[in-house]
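Asker: Spelled out, the chains give:
Protein chains: 6
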Amino acid sequence: MRIDGRAKDEIREVKIEKDYIKHPEGSVLINVGDTKVICSATIDDRVPPFMRGKGKGWINAEYAMLPRATNQRNIRESSKGKVSGRTMEIQRLIGRALRAVVDLEALGERTVWLDCDVIQADGGTRTAAITGAFVAMALALGRAVKEEKLTTYPIRDYLAATSVGVDVEHGTILDLNYEEDSNIEVDMNIVMTSKGQFVELQGTGEQATFSKEQFDEMLELASKGISDLVAVQKEALSEFSHLLESEGEEK
Amino acid sequence: MRIDGRAKDEIREVKIEKDYIKHPEGSVLINVGDTKVICSATIDDRVPPFMRGKGKGWINAEYAMLPRATNQRNIRESSKGKVSGRTMEIQRLIGRALRAVVDLEALGERTVWLDCDVIQADGGTRTAAITGAFVAMALALGRAVKEEKLTTYPIRDYLAATSVGVDVEHGTILDLNYEEDSNIEVDMNIVMTSKGQFVELQGTGEQATFSKEQFDEMLELASKGISDLVAVQKEALSEFSHLLESEGEEK
Amino acid sequence: MRIDGRAKDEIREVKIEKDYIKHPEGSVLINVGDTKVICSATIDDRVPPFMRGKGKGWINAEYAMLPRATNQRNIRESSKGKVSGRTMEIQRLIGRALRAVVDLEALGERTVWLDCDVIQADGGTRTAAITGAFVAMALALGRAVKEEKLTTYPIRDYLAATSVGVDVEHGTILDLNYEEDSNIEVDMNIVMTSKGQFVELQGTGEQATFSKEQFDEMLELASKGISDLVAVQKEALSEFSHLLESEGEEK
Amino acid sequence: MRIDGRAKDEIREVKIEKDYIKHPEGSVLINVGDTKVICSATIDDRVPPFMRGKGKGWINAEYAMLPRATNQRNIRESSKGKVSGRTMEIQRLIGRALRAVVDLEALGERTVWLDCDVIQADGGTRTAAITGAFVAMALALGRAVKEEKLTTYPIRDYLAATSVGVDVEHGTILDLNYEEDSNIEVDMNIVMTSKGQFVELQGTGEQATFSKEQFDEMLELASKGISDLVAVQKEALSEFSHLLESEGEEK
Amino acid sequence: MRIDGRAKDEIREVKIEKDYIKHPEGSVLINVGDTKVICSATIDDRVPPFMRGKGKGWINAEYAMLPRATNQRNIRESSKGKVSGRTMEIQRLIGRALRAVVDLEALGERTVWLDCDVIQADGGTRTAAITGAFVAMALALGRAVKEEKLTTYPIRDYLAATSVGVDVEHGTILDLNYEEDSNIEVDMNIVMTSKGQFVELQGTGEQATFSKEQFDEMLELASKGISDLVAVQKEALSEFSHLLESEGEEK
Amino acid sequence: MRIDGRAKDEIREVKIEKDYIKHPEGSVLINVGDTKVICSATIDDRVPPFMRGKGKGWINAEYAMLPRATNQRNIRESSKGKVSGRTMEIQRLIGRALRAVVDLEALGERTVWLDCDVIQADGGTRTAAITGAFVAMALALGRAVKEEKLTTYPIRDYLAATSVGVDVEHGTILDLNYEEDSNIEVDMNIVMTSKGQFVELQGTGEQATFSKEQFDEMLELASKGISDLVAVQKEALSEFSHLLESEGEEK
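Residue numbers (my numbering), protein chains in the order written: chain A, 569 to 819; chain B, 569 to 819; chain C, 569 to 819; chain D, 569 to 819; chain E, 569 to 819; chain F, 569 to 819.
Next up, chain A with everything else stripped away, as it sits in the complex (with noise of 0.2 Å):
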């Protein structure tokens, strides 16, 4: 039995509130489960050193707790005058698996800045990040379409992310929460399409070591974790979804 009595292949409920502030392109707060983040998508007509004059565009993205956000209190990263080594592993992740979804020739010489502040953190932040993200960014570049300030969307698929862990006690559990985290043996992110192709896919035996057997397992729970996220990002995004479907089809 689970900590908080869900079944093992069972999901935190998950809330996405579109427009969250009012001031970027694109905007939610994710909530899974008691871990909420904001998310906001920003569009700049410009694109970093590297990607210039290619014709195509980028995706970045920035993380970030409020120092209580946890049970501790952190000390901001601007205090300390550097981004730790998780902080920027979270963002390139983040970075990295959008683009995996994003036609960047259709996106054209823009960057699409992808913010995701975690105000309450219980777990699955990273994959909150991402889920919640990319619904963000759905929007501002849905919007971009609507404005006509983009001709294609450039969107080819739904992503979302989830983890799954494995324990002696529990064995193959589906999106942990801080406390189930805290005590699991084997932790996987795993970043997915609707139509189940991986994206991202990141297993760690933090002193134990793991199976090609419960690996098989853990992706099956994921696989089925990522189909009920992207159920609730269809819904926030109702409004685009002729312009997602369609990318979908083709592709």
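The hints are simulated quantities; they were obtained by calculation from the structure and are not laboratory data.
All values reported here derive from a predicted model rather than from experimental measurement.
Some clues are possibly wrong.
Which copy is meant is left open, because identical chains are indistinguishable; a pair holds if it fits in one copy or across any two.
To be verified - The calculated lysine-lysine pairs, modelled on BS3-like cross-linking and capped at a C-alpha distance of 30 Å, are: (1) Lys763 with Lys576; (2) Lys792 with Lys586; (3) Lys576 with Lys780; (4) Lys802 with Lys780; (5) Lys590 with Lys576; (6) Lys780 with Lys763; (7) Lys648 with Lys622; (8) Lys583 with Lys650; (9) Lys624 with Lys648; (10) Lys780 with Lys586; (11) Lys792 with Lys576; (12) Lys717 with Lys802; (13) Lys802 with Lys763; (14) Lys714 with Lys586; (15) Lys648 with Lys576; (16) Lys622 with Lys576; (17) Lys802 with Lys590.
Position chains B, C, D, E and F relative to chain A; hints supplied.
Answerer: Structure of chains B, C, D, E and F alone, referenced to chain A:
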């Protein structure tokens, strides 16, 4: 006539949502018009090095904005690797203001950290941060008294902050929003207690100067605004009003 | 009775030594009692990025203390690798104050840099820096007019700064030295023009509050102090008095 | 046909030169094709702050490249004043991977530092670093057992890492060199033990996605590569094989 | 003929003003021609970590220039957030030079900090800083002996520094000013004691080389310059001459 | 008798392995006894900002040590976030030394970067770096002439560096190893050309002084050491000896 239809001495609509995030000892989301700040209070059983061994506590504040709290995306201070002069000025102001109504001896060798994170900005973020941080701190310390971690309630009086400005077109106006603030000639931030005492007062003529008469007019408007803000604070803090009111009377 | 025998409304002895160092376009050593600040003005034919192409100039100030300007040695900010919040606050204040009496359009696309280096500190270093920096700037711009690099003198009025304070023992006193400042309850820095207009006003009750009556009393003392300081500035700037006085009259 | 004539499931030539530099407790120069990494192990009788007093040890890794390890000169991270996200990601990966096969309690309150310095890069530097660092660590700890500084050998199993990739032209291939890596669609780094257990697995589709079938094919190739790498490690560690083999059997 | 009319073996006019600022244990303003440096000595009752518990003291120097000490304004190192290579080289040189004439055991577990702040530069700032810092240190330690904080005077001999240079037009010349230094081919800084012993010697041919004959000629000129500088130091330190002379004789 | 059995005027065994790493335009591994430095030369078709538009080139050097190049592990400068004073001093020295034998006009608007990475340290790392960097640079520029990227060979003469020291026990000795260096009283680093001209000379008495006689003795030993080092360089550069010798004769 003001841009949003308010009277000259009218503050924007203020809402204080308690326990907005679950981990901190006290937290609020304060809305002053479209300005939204998450304020959380952390009680730490240590004091900074310069306060050690004095039998007294300390109040420390940190302030930040999400990159898209504003209309244009701002680069994160953690990415820049340093905190701007503006941010430092604001966090020093918040800490200093709150210390003026706290009996640091009654607090004992503890630090109260106030984290003020602006998630949406529309002018007056620093004054909203002070007004909200006071409530977060009062909640955290009220609970510490309730849980008998503190024997005396160390807060002496309610404390709130607002802005006033003067320009040729509008005369003297209270509680500037972003657009008003951008066009103002003289700008003043005022921090006061519920008893009408001044705590901090910063008046600036950016590219302009002001007279004693204008100054007195500004103080009068500010005084009215502070009363309105304290009324909202009192409601949010009703569960601890017995602590604050009796304190107030003694001093 | 004050610790150094001064009357409540008496400033310390002020000396302004012109051209104290040879390279800058304008430089002074200002002594306010035992507080000594080297102020130098540099005219740079560029403006900061945010001012480019507006046909206007800018005034920028930097402030620092020698490590042994004070009784205890301070670690250099260059060794720490960052500028403290206090320093940033002061340099922003100096720049803002001086900009209030300069016609930035008449200055053209130029930056005047004011470097204020405290070589000996005995209280009131920021107000001495403003008073001295005004003279250094006035000298540099006066010479630019003389050498026909500028057609109009862009300074509109004299500008000086002083401090006032209140405590139980001494009441309200003008121009605090270090020892007085260490024991004061309410502390205010005031920047004014020779015509009695306010430019900046920062009053702070560190662990205390103050009333409107105390406040008015402080302003009156400050006003007297500013007159005394401007008298010394006028003497130092006698060679350019024709420029400043006529400017003063027009506005 | 691969660019360097290898079969799809063939790793590059691997050489491990022991005691390449004289000062460290253990050091190797590992060559995987043209990729050359100096790995050295330092045993430090302290643990990081977060591990103090737990009676357990820690494994920490640092990774860097000489500026001309690559075809274009890279700016040193010491000159830039900060470590890149890529470097942080890699050093976290190396440390985590090695910890999975070390009994931290048997290690006691000690840190093993692994310094992995790439002197020549031709693809797969992070996996070569893990494979080489394992040997450097095994040597250092083997000597510590020999010198009776440790009573038990804390390493549980051999550990090596390799990469696999998929693209349209070549299908699935093992141990990518730089040129292959530059053109690949899906890229996976895999860390495994000699017993075929997974320790870490990071698969990424940069601008692409991949299916479960492709994934399984990649794992199979990786498994073969790891066996080949462990064979070379066993030879390099022959003097300590009694320690490692018996350890292996117990667990 | 030299640009300022001096003979080849003639130093510029040297003035040493004692107790230039009031707070430090010892301080001077040294003028070497138009080069002006404030040197202050602080005695700190601690030693740096690497010297703890050895029963010996340490001498540490810091060097900086005001932004307008030079003809062009330099950006402050505190604003840049790091100390330049040139500054580091100079402060290491000053500290090393002074340590050569101090008996660190007689000093006890104390650090003498020498702060050398160039307020006006006209060539030879590092050698002026050494010559002035020696006097500031000698004053501070002399007073410590007088106040019986030290039982023995730890300084063994007078120490001064100067520069010499060679170029085609002027041959070998002593004590270069800024303009001479800018055009020189070979440049040497020499630190010597009053007894003619060398302490430090740094000769550099920037884009040029030099012979043994030129080198010997430079040493001879330097030796004359040092005698002239020590004569001025002796005058400034007359009150402590009994301490320094007797020390000198013993060794 | 010296600790490793060498005569007073005997350098350690020197080996220069050409093309040690494959990517740079020129690279060597230099061994001076147990000191091992990888030196690589990169030719960059740009010059630093201060050299632009002068039709001349520049030589820039960077120096670093692997953390375990030494007996105790050193913290990486990239982790500390800044380059130490010692490193800056050394890289400035290497660049300055090499520039003295290069005709920067013949080089044209190009920068030669010399990266000197110490992989094993046993005293004299900076002098080994200069001796090795010269060869790496000479190789890179020789190839540029061969490939007709340069019309003239810009190197004027061979250049090498060594150390000499004096102490009571051993008198004056050449090419100090780490243990000798740790106990020496006077330490001098000397850079010379094959024609016996001085380029740089840095003599330091750490806690000691030295006489003209000791100094002359040191120069004589150094001169012998440089001849021995240049002999090894000539062998390594035999393929380009026609370029260097003819250049040498002209000047």
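Asker: Each of the hints needs a verdict: does it hold here or not?
Answerer: Each hint, compared with the structure:
Both within a single protomer and between protomers do Lys763 and Lys576 lie at most 30 Å apart by alpha-carbon distance, with minima of 23 Å and 29 Å respectively. In this homomeric assembly, Lys792 and Lys586 come within 30 Å of each other (Cα to Cα) only inside a single copy, at 24 Å, whereas the closest approach across copies is 36 Å. Taking identical chains as interchangeable, the C-alpha atoms of Lys576 and Lys780 lie at most 30 Å apart whether they share a chain (19 Å) or sit on different chains (22 Å). For the identical chains of this complex, Lys802 and Lys780 are inter-copy neighbours only, at 24 Å across copies versus 33 Å inside a copy, given an alpha-carbon limit of 30 Å.
Taking identical chains as interchangeable, the C-alpha atoms of Lys590 and Lys576 lie at most 30 Å apart only when they sit on different chains, with a minimum of 26 Å there against 38 Å within one chain. Proximity of Lys780 to Lys763 under the C-alpha cut-off of 30 Å is found in both arrangements, the shortest distances being 23 Å within a copy and 12 Å between copies. For the homomeric pair Lys648 and Lys622, the shortest alpha-carbon distance between copies (27 Å) is at most 30 Å, but the shortest distance inside one copy (36 Å) is not. Within a single copy, Lys583 and Lys650 get their C-alpha atoms no closer than 32 Å, and across copies no closer than 35 Å, so neither meets the 30 Å cut-off.
For a Cα distance limit of 30 Å, the shortest separation of Lys624 from Lys648 across copies, 26 Å, qualifies, whereas the shortest one inside one copy, 35 Å, does not. For the identical chains of this complex, Lys780 and Lys586 are neighbours neither inside a copy (40 Å) nor across copies (33 Å), given an alpha-carbon limit of 30 Å. Taking the shortest Cα distances, Lys792 and Lys576 sit within 30 Å of each other inside one copy (11 Å), while across copies they are farther apart (33 Å). In the homo-oligomer, the alpha carbons of Lys717 and Lys802 lie at most 30 Å apart inside one protomer (23 Å), although the nearest pairing across protomers, at 48 Å, exceeds that limit.
Taking the closest pair of Cα atoms, Lys802 and Lys763 come within 30 Å of each other only inside a single copy of the chain (13 Å); across copies the shortest separation is 43 Å, beyond that limit. When the C-alpha separation of Lys714 and Lys586 is checked against a cutoff of 30 Å, the pair qualifies only within one copy, where the shortest distance is 17 Å, while the shortest distance between copies is 38 Å. When the C-alpha separation of Lys648 and Lys576 is checked against a cutoff of 30 Å, the pair qualifies neither within a copy, at 39 Å, nor between copies, at 42 Å. When the C-alpha separation of Lys622 and Lys576 is checked against a cutoff of 30 Å, the pair qualifies neither within a copy, at 46 Å, nor between copies, at 32 Å.
When the C-alpha separation of Lys802 and Lys590 is checked against a cutoff of 30 Å, the pair qualifies both within a copy, at 22 Å, and between copies, at 29 Å.
Hint violations for this structure: numbers 8, 10, 15 and 16, all remaining hints satisfied.
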